[in-house]
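Enquirer: Okay, here's what each chain looks like letter by letter:
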Amino acid sequence: MITQLRSAVVLALGALLLFGLAYPLAGTGVSQLLFPQQANGSLTKNGSTLVGQPWNGPQWFHGRPDPDNPLRLDGVPGASGGSNLGPRSRQLVAGVRAEAAHLRRMGAQPTADLVTSSGSGIDPDITPQDALAQVPMVSRSTGIPESRLRRLIRTLTVGPELGFLGPSYVDVLQLNSALARLR
Amino acid sequence: MHFALTLLLLAAALALSWRYLGSYLEAVYSGRVRWLSWAERVVYRLLGVDPGREQRWREYAVSLVVFSGVSLIVTYGLLRLQGQLPLNPQHLRAASPLLSWNTAVSFVTNTNWQNYAGETTMSYLSQMAALTVQQFTSAAVGMAVAIALVRGLSRAGASTIGNFWVDTVRGCLYVLLPIAFVAGAVYVAQGAVQTLAGPVLIHDVLNGATQLIPRGPVGFMESIKQLGTNGGGFFNANGADPLENPTQLTNLLSVVLLLSIPVALTYTFGKMVGSRRQGLALLAAMGLIFAVWTGFTGYAESQPNPAVAAAGVVAQPQGNMEGKEVRFGVLDSTLYDVASTQTSTGSVDSTPDSYTPMGGFGLLTGMMLGEITPGGDGSGLYTLLLFAIVAVFIGGLMVGRTPEYLGKKIQSREVKLASLGVLVMPVAVLVITGIATALPAGRAGAFNSGPHGFTEILYALTSQGNNNGSAFAGLNGNSTFYNLAGGIDMLVGRFGIMFPVLALAGALASKQTVPVSRGTFRTDNATFVVLLLGVILIVGGLTFFPALSLGPLLEQLSHGRFF
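Which chain is which? The protein sequence lines are A and B, in order.
For the first sequence, counting from 1, position 23 maps to 488 in the working numbering; every step adds exactly one.
For the second sequence, counting from 1, position 555 maps to 1035 in the working numbering; every step adds exactly one.
Any given hint could be a false lead.
Covered stretches of chain A, as calculated for chain B (at least 3 residues, CB under 8 Å) [unchecked claim]: (1) 502-508; (2) 620-633.
Which bits of chain B does chain A cover? Going by a derived footprint, with three or more residues having C-beta under 8 Å, they are [claimed, not checked]: (3) 509-516; (4) 526-535; (5) 580-587; (6) 641-650; (7) 670-677; (8) 793-804.
Here are the in silico distance ranges between beta carbons for each label pair [unchecked claim]: (9) A:VAL623 to B:VAL662: 23 to 31 Å; (10) A:GLN556 to B:VAL879: 52 to 60 Å; (11) A:ARG616 to B:ALA491: 53 to 61 Å.
Don't read these hints as lab results, they were simulated from the structure.
Keep in mind the model is a prediction, meaning the values are calculated, not measured.
Just so it is clear, CB atoms sit at the ideal spot from N, CA and C, and this is done for glycine as well.
This is chain B alone, in the form it adopts within the complex:
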């Protein structure tokens, strides 16, 4: 009953975000929002960019790659030099070259996979200037690519799809910065730490315990971590750590923040293509999968933990509390983890590794669907649009008519690009998982034995290939193999999809719009939503079922066996 009210409040908050943040985003990217135009002007002058000049898709992609490359180098450099740089009260030494590579790739690609424990590895300067910065810019880059694709769909006979620099700057300044700042203050008011003073030593005279309490600039990183669908927390325990996510209120705020932009972008999309119903159809597909997965995973976690039950010493009225925090309980914990796996955020407020087999299955498959329900900031929308194009293509084959989407003829080039974008992730994930399980170096990372150990490996590479960053955290990823392979996985998962998307944007922008006729296959009704869901579930199911059967499914079926 209580939880139903929580869901209702979440739905209300997201509805507001969909309507108002969605329309604000449209205004931002079309240049009608100007309250920071003085700052924008300064930025463009420094960048040497003419904000009025738009780019063709190739130039847009080149700008994106060059910017991401420079960001990668700067982030890597800061991590390597942190020992010599200020704001390092714990006197931490440089992160190793391989760890720095993996972490830099991870934050630049909006993944936020962490092969390190923040409080014991990263100086305050690294957390701020290397990692928090990327939490802003990588999210803005994702949104920019989504907007570029939507421009391609909404324009006719155009050669350009917008200006990468302008889109990225606007996303940062008008959207991410103000919301993150206000939300950051809420986190701190609730109890998240935010200080530059180092850890504090406290002796408790009651029990004789002495503790070193880690601190740092946490609260304001927490807000952009969620809003930017990044997920990389300050502390190792991420959103489970009370110094980072102190109360039930911050827990729900986190869920709202990480869903808000991906959900709002469907409204933005509808407004830009001139039909809100088109956006609603996409939102319906996202929402249905999200609701089913939340219900499924919540139910699975409300069941007893098999190992605790096998010990035979306690009842488990709440369900599986291993790896969960008392202040969140089972259902709110599950909601958070489901939302963060399905938005490519990857933050956790409970330990996925200790979820029941079917609970872990829910989190893992949420990522395997390609991060589109609703997916990351921008990446969710553009990946879902790839699925929509595949869906209209299949619909067109069924009725024997050239498929169209939003008045654009979908021809050979578009279908090839969309299929490429859809298939890049499963190929990267499965090939690298295969290599990892074949090599001793890959198998050595697993912490649990039996099928759960395989799930740890599969989960890690699925998470990185989808730029999620959630972890079955038992896996020891800070090894030569996982730092290297994970970095490649993340780069392919990010740019292997972004390039086809931008090429598609260019191809679509240059096309003329065909008028709607009675034979047009409609893409704003329930039939289309069902077709789209079918494509998403069949692609995801067919590609990943064999791997899943060796992991969580086998574990679920091994009744009475312990490893």
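Just chain A, same shape as in the assembly:
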């Protein structure tokens, strides 16, 4: 029993050093050396392309109606996560209606992605269809011709990866950054 205890303590501490410190530190070193842009959060000067942002008003393309949590400013980011509303939740019915009404007021056609929240609560992407549904709204408010906006969406659409993995999508921050450059 005592020898077992000694083995257990040594193995637990050895694992702590190897897998708890050496492994993640070596991984961090390799990442910072080879993929610094990705390893640091895919940051651009306007934010991370992997973290959705709130966009207000008809002059921008809107992402999903997520809380876009990491907004807390007390030094600790908010927690990511979905709404967790069940498929027969009254709150979800009301939320979807409110979101659709909001989009209609601004002149956009609501789509399923644009009225439902994501799993992460910070979904940075929308489908090309979601973007196209907002083209008339953005065009009216910015004066940029609809054809120009549709071309922009096409050039920024990525996926499916390898030609078949998952759907196509557009990063909303990249789309709006490109939109800002057009003005």
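With the hints as your guide, set chain B onto chain A.
Expert: For chain B alone, coordinates are given in the frame of chain A:
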């Protein structure tokens, strides 16, 4: 069409893993792989272990318990002390005693149930040194127990079943570490963060939004989280978080990683018992259930979300997108969640709580079958072998002959141990769920109302009892009741099965092998696979149907009602 290609690629990757990782695992555990023998020698000297000396099953079990106990204490201590320890850029305070208990049990038992949000609760040191460490060792312990049981089946007249220390060290060094490191680099290359610098504050001049982007050593935790069938993510949103699972490629890689070892172990099993067909029969049973559940759940999620449909404002051509990420879409999201519930991983890339009633049913029942399709690293194989023994026993009763499995006579002691191992989980899950719904403290945790609220409770305790860790995340589990009850559920679900398995390994190893005769009930053909499937589905169905009828089934049937 696209999705069919995804499934084809997955199947090809798993076939390679089955054949080559499976044979590599056999070589590792029989000691023929030696490229890290210099490191092994140092480790054994420090441990004071003679790698050539094997253990009887009791000693193996004692080593396992002592190691798990020490791991529990170390993990608990780190979580309690994180406020005073370095690598804490967000200056987070210690996790509460009850939360630390639940989390330590959760990671030591390979469950990775999380009653906390990683980015707001755990320091970088806790994520690395408390949690990532256990993601390696708990997976290696599970694999060790499976190998010990297979040794019991393949030996005759032996008193020992291997050495726990050697098996655990080899699993970590030769299998988990190299694969996790390479896969970790892929996650980061695709966009997962991996840094020790704290969160970064960014102001967007376009929309005036200011965001604090959480960061940390994520990518290399992600790889072992999947490979070790752990599932505990760095961020609260787990695999849905783009900083953790950034692209479709990492999404598929996750599915491959979490299935690879459980699938490969069936080849290892076949090789060790001297007949690959025996392993194939087990794989066929696993694969059939997995395929049916993937199809069922994928179909359910391709249907409109009832609440969104009731709002009557949008069409839902893709299916249920509430709680799902645009870059994954419905089918890839469902594949990930099905794979992770059926491997005892429990990571999610979409929110199970927002699945359609039948989609949630698919995830929940995937766990209720006992995590054997293909189950967790090691735990999937050893639990399935318990079902196989019950199946040959029932087959033997039908033909009136003493049952045998792989040339071993299955007698009273073996049947008792196998039945015990099969029944421990349903008993723990149902009893604790009953207590939770009877007590105000248990009912208070539910977030949604109506039958969905009950499903949240049932799902949580099923998940913990099966050492899965997947969550209907609306449930508020960070309460005195759920931290305590969940911890007990996880311990029973882990060790309540491991002990009978090791006892069985010892009992089987000591038996002589009876020669195959014409009357031998074959366990490597379609008849056996059907019998095994029958046992699995009947045991799972009979034990859980009443509970399911109060949750997802009732919810599915309450047309037009909203809660």
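Enquirer: The structure should be examined with respect to each hint, and the outcome stated for every one.
Expert: Against the structure, the hints:
Residue count for the segment 502-508 of chain A with a Cβ under 8 Å from a Cβ of chain B: 6. That meets the three needed, and the coverage hint holds. With 8 residues having a Cβ less than 8 Å from any Cβ of chain B, the segment 620-633 of chain A passes the three-residue criterion, so the hint holds. Counting residues of the segment 509-516 of chain B whose C-beta lies closer than 8 Å to any C-beta of chain A gives 0; at least three are required, and the coverage claim is violated. Restraint check on the segment 526-535 of chain B versus chain A: 4 residues with Cβ-Cβ distances below 8 Å, three needed, restraint holds.
Given as covered by chain A, the segment 580-587 of chain B fails the check, having 0 residues with a CB less than 8 Å from a CB of that chain where 3 are the minimum. Restraint check on the segment 641-650 of chain B versus chain A: 3 residues with Cβ-Cβ distances below 8 Å, three needed, restraint holds. Only residues whose beta carbon comes within less than 8 Å of a beta carbon in chain A count, and the segment 670-677 of chain B has 8; three or more means the coverage holds. Coverage of the segment 793-804 of chain B by chain A holds. Counting CB-CB distances below 8 Å, 11 residues qualify, and the rule asks for three or more.
Distance hint check for A:VAL623 and B:VAL662: the Cβ-Cβ separation is about 25 Å, which falls inside the suggested range of 23 to 31 Å. Distance hint check: the CB atoms of A:GLN556 and B:VAL879 are about 57 Å apart, consistent with the given range 52 to 60 Å. A beta carbon spacing of about 39 Å between A:ARG616 and B:ALA491 contradicts the range 53 to 61 Å that was offered as a hint.
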